[in-house]
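2 protein chains.
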Amino acid sequence: MTEKPIQHHYADEYAHCYGCGRLNDHGLQIKSYVDGDETVCHFTPGHKYSGGFPGFLYGGMIASLMDCHGAATAWAAMAGMEPLPLSRFVTASLKIDYRAPTPINIEIEIRGKVSQIKGLKVVVDLTLSAGGKLYAEGSAVMVQIPIDKKGREDGDKP
Amino acid sequence: MTEKPIQHHYADEYAHCYGCGRLNDHGLQIKSYVDGDETVCHFTPGHKYSGGFPGFLYGGMIASLMDCHGAATAWAAMAGMEPLPLSRFVTASLKIDYRAPTPINIEIEIRGKVSQIKGLKVVVDLTLSAGGKLYAEGSAVMVQIPIDKKGREDGDKP
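These protein sequences, in sequence, are chains A and B.
Each residue of the first sequence is one higher than the one before, starting from 3 at the first, in this note's numbering.
Each residue of the second sequence is one higher than the one before, starting from 3 at the first, in this note's numbering.
So that you can see chain A by itself, here it is in the shape it has in the complex:
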């Protein structure tokens, strides 16, 4: 497993994500690592991230972890093919199948593996497990942002 988190390679201007931005002091600051031909992220959600029933994780957190880890997986895959600096990825689509209620207050492992790269698009397969048991799996389509556009292709301004 690499020693430096993938997110720590992101340029400062891309490092503000609530889920994974190292410069977002209010966020989750999850960290993803390259592990052979996969990527891995460990995170232990606390009690407040309960779903409807205390003791289980809410679905939005599972989606958030998969989304950010998926983006990091795409970044790492493309970083192996292009010279740095590399622009960030944004999510084009995200699909999650929730297999069983996910416990909280234990370490969760999210794994990603690239299944397709086509131009700026990277498809990442994702799993979320804890204690060796699979709780959710999914797929994310990530798109790399051309370095000078920063997601504002359509004229939107913050």
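Hints are supplied without guarantee of correctness; some may be wrong.
Any copy will do: because identical chains look the same in the list, a pair fits if it lies in one copy or spans two.
[Stated by the list, open to error] Pairs of lysine-lysine, BS3-like flavour, derived with a Cα cap of 27 angstroms:
| no. | residue 1 | residue 2 |
| --- | --- | --- |
| 1 | LYS97 | LYS123 |
| 2 | LYS135 | LYS123 |
| 3 | LYS115 | LYS97 |
| 4 | LYS33 | LYS97 |
| 5 | LYS97 | LYS50 |
Since the hints were derived computationally from the structure, they do not count as laboratory data.
Go by the hints and put chain B onto chain A.
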């Protein structure tokens, strides 16, 4: 539009969700309402919920809003068919297509509409827009939990 949020009908034991639980003091406490044959939720995410670029919303929040609002939409649809009290819904699957970078610090509208009900399963179509513009759309498959099981069908304990 109904005056009482759908989530305020949930039994106390199901009201701890980080996204929508009225009893989770640390959570987002989003509120969904019935609006004709649809449901609607308004939420204004603050600056800290930035995506990678400041000024845009992170994808995990979009997923969280759609997930919780989808569960509420399913609940409301089933509540129209069954006598209360009604058990909660959990997410079986969630699919989101991100159409454009979503701004923060403005009011977002999430709308849900049931497209299928089969036994305990409810399929909900979802949109997320702001200022009349569509930013994301998706679909959630929600499953009602039998009243005495609380998601622990497979022997998991918190």
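If any of the earlier hints don't hold here, list their numbers in rising order. Those not satisfied: there are none.
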